[in-house]
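Engineer: Each chain is listed here by its residues.
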Amino acid sequence: MTKKFVLGIYDDEDVLLQAIENVRAAGTNIYEVFSPYPVHGIDDVLGIKRSRLPIVAFFCGLFGTSFALWMQIWMLGFDWPMIIGGKPHISLPAFIPVTFELTVLCAAFGMVITFFIVTKLKPSFKVNVFDKRSTDDKFVMAIEVKEGVTDMSALNNLLRTNGAIEVNEKEVSK
Amino acid sequence: MTEERLIISRKTNNKFFLMIAIGVVLLIAGIIIAALGGGAEHAEGHGEAAAAGHEAVSWTKRLYVNLWLNNVYFTGIALVGVFFVAVQYVAYAGWSVLIKRIPEALGYYLPIGGAVMLIVFLLGGHDIFHWTHEYLYDVNDERYDPIIAGKAPFLNFWFFLIRMIAYFVLWILFFNWLRRNSINEDLHGGTSYYHKSIRISAMFLVVFGVTSSLSAWDWVLSIDTHWFSTMFGWYVFASWWVSGLAAITLTVIILKQNGYLKMVNANHLHDLGKFVFAFSIFWTYIWFSQFMLIWYANIPEESIYYIERLGGNDGHYKWIFFTNLIVNFAFPFLVLMTRDAKRQMIMLKIVTIAILAGHWLDFYLMMMPGTLRTGAGIGFIEIGTTLVFLGVFLLTFTKGLAKASLVPVNHPFVEESVHHHV
Numbered sequence: 001m002t003k004k005f006v007l008g009i010y011d012d013e014d015v016l017l018q019a020i021e022n023v024r025a026a027g028t029n030i031y032e033v034f035s036p037y038p039v040h041g042i043d044d045v046l047g048i049k050r051s052r053l054p055i056v057a058f059f060c061g062l063f064g065t066s067f068a069l070w071m072q073i074w075m076l077g078f079d080w081p082m083i084i085g086g087k088p089h090i091s092l093p094a095f096i097p098v099t100f101e102l103t104v105l106c107a108a109f110g111m112v113i114t115f116f117i118v119t120k121l122k123p124s125f126k127v128n129v130f131d132k133r134s135t136d137d138k139f140v141m142a143i144e145v146k147e148g149v150t151d152m153s154a155l156n157n158l159l160r161t162n163g164a165i166e167v168n169e170k171e172v173s174k
Numbered sequence: 001m002t003e004e005r006l007i008i009s010r011k012t013n014n015k016f017f018l019m020i021a022i023g024v025v026l027l028i029a030g031i032i033i034a035a036l037g038g039g040a041e042h043a044e045g046h047g048e049a050a051a052a053g054h055e056a057v058s059w060t061k062r063l064y065v066n067l068w069l070n071n072v073y074f075t076g077i078a079l080v081g082v083f084f085v086a087v088q089y090v091a092y093a094g095w096s097v098l099i100k101r102i103p104e105a106l107g108y109y110l111p112i113g114g115a116v117m118l119i120v121f122l123l124g125g126h127d128i129f130h131w132t133h134e135y136l137y138d139v140n141d142e143r144y145d146p147i148i149a150g151k152a153p154f155l156n157f158w159f160f161l162i163r164m165i166a167y168f169v170l171w172i173l174f175f176n177w178l179r180r181n182s183i184n185e186d187l188h189g190g191t192s193y194y195h196k197s198i199r200i201s202a203m204f205l206v207v208f209g210v211t212s213s214l215s216a217w218d219w220v221l222s223i224d225t226h227w228f229s230t231m232f233g234w235y236v237f238a239s240w241w242v243s244g245l246a247a248i249t250l251t252v253i254i255l256k257q258n259g260y261l262k263m264v265n266a267n268h269l270h271d272l273g274k275f276v277f278a279f280s281i282f283w284t285y286i287w288f289s290q291f292m293l294i295w296y297a298n299i300p301e302e303s304i305y306y307i308e309r310l311g312g313n314d315g316h317y318k319w320i321f322f323t324n325l326i327v328n329f330a331f332p333f334l335v336l337m338t339r340d341a342k343r344q345m346i347m348l349k350i351v352t353i354a355i356l357a358g359h360w361l362d363f364y365l366m367m368m369p370g371t372l373r374t375g376a377g378i379g380f381i382e383i384g385t386t387l388v389f390l391g392v393f394l395l396t397f398t399k400g401l402a403k404a405s406l407v408p409v410n411h412p413f414v415e416e417s418v419h420h421h422v
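Protein chains in written order, with the working numbering: chain A, 1 to 174; chain B, 1 to 422.
Hints in this document: simulated from the structure, not taken from any laboratory.
From a predicted model like this one, the values you see are computed outputs, not experimental measurements.
It is possible that some hints are incorrect.
[Said to hold, decoys possible] Result set (DSS-like, lysine-lysine): computed pairs, CA atoms no more than 30 Å apart in a straight line: (1) A:K4 to A:K126; (2) A:K49 to A:K3; (3) A:K87 to B:K318; (4) A:K49 to A:K138; (5) A:K49 to B:K256; (6) A:K132 to A:K120; (7) B:K274 to A:K49; (8) A:K4 to A:K120; (9) A:K120 to A:K146; (10) B:K11 to B:K403; (11) A:K49 to B:K349; (12) A:K49 to B:K262; (13) A:K3 to A:K132; (14) A:K49 to A:K126; (15) B:K256 to B:K403.
[What the hints assert, rightly or not] Facing chain B, a subset of chain A residues (Cβ under 8 Å, in silico): (16) H40; (17) G41; (18) G85; (19) P93; (20) A94; (21) I96.
Note that beta-carbon positions come from the ideal geometry of N, C-alpha and C, so glycine has one too.
From just these sequences and the hints, can you work out the full model?
Structural biologist: See below:
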């Protein structure tokens, strides 16, 4: 199955940001914008919501903290009690470094794994490069064409009046 | 870029004077109560008071220790102001330019801090520092203390005094140097002042690295003369630094709420919030590193420090010990964790006030057990002294802040700071 896209090519960051705002204000849905580098403020104009990854990090961290404490208390307090340095079997200060490390480890790994799952990023992941110049010095705005609904000439016009230096069409197999 | 002048109204100044006046009244009331017989628990009779675990402490001693405590605390905040500016210069930071005048003006307290430090040491040195007593070094005296005598090459009256004067001379010198360049930049423009400031800042950071640790040993660690901790310089620095950051952030918020600093937005607050959040954790890290090693090794000469603050002194300091950790670690850690909290003035305001109070308690916990022991408390003398110092600090700070434009108009990175985005 293939999908058809209209690609507006831009060569200036500020023009691009303004164009995104205008195109969205005109009621057109932007599929994706490709850029050679991260552009400040592009998330806001594209209306992308903030990532919820920090929430995942918090709960993974919390899991790490509880797991580490449970593990140490169970091991050193119940399963195989040992006297170390004359301290009680369950001595909280001695458990803190391991707890800290496991909190950080779980939060970090949890975030990375969640990120991979959510973005479906895996070794077989195929990247559709709409226009190779978006890896060099051009910004590419991709808009999906719905057969019979999208007015091609109006869209072409909209992109051009908003500073696109080129407007191309491309079919991408999904 | 337009200048923005802070105007301190008569009303605001009167508030600061009122603060000092209330402080003085409370202080006098506290002294009278103390001089008449050590407060309520003392009135019940000496035997009972001793049984209740309260040691009689002369009001002069309590006053000197309080003066010392507050002066070390506020001098630290003033010093951190200069340190913050220096760090920003050396890091070629752009974001902080709009708020740079606030840490810069904190340094105006340094000369007062130096004078008070000197006077309190000369008058009340014996009350604060056990090691200042001559008999400890006299082999023929029965109170001779070989451990303290061994520290005499470092801990002796004259060297201590010279060091104290040297710290303040160096700090004030660098503060004035940086401040002069900053103001000249406003007047004449150009990048030469900026480049010069970077060189001055780099030199100051070296000086600060040495003097902040040394002053912490001198002014705080030497109270517990027998005890030592190689982490202590860092510990005091961490406490000063996070209080200073909280003071800077709180000032930015208060100025903004009064219509100043119009170009400062949520992005700048976010960065300040990250600083406060990060360094409250850093303080905890240092706190724990010091505590755990001593707890684990359990060598009596080391663990006495924590025994005095936990079960010792009849558990007098136990609540402060745990309050310290809750207010300075758990509270900022949980409250400032989210991005939204760091971008909201109300959240930052609550946390910074808590941190400022919490680190005052931290210094209280560092100084009181070694000096007043069970005779310490938080009463009229403590609150009064703190109010007087706070009033004087705010007077000098706001006066310094009003001396120059709040926006460093000719700083090369001011434009970058205006467009700061995180």
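Engineer: What are the numbers of the hints that this structure violates, sorted from low to high?
Structural biologist: none
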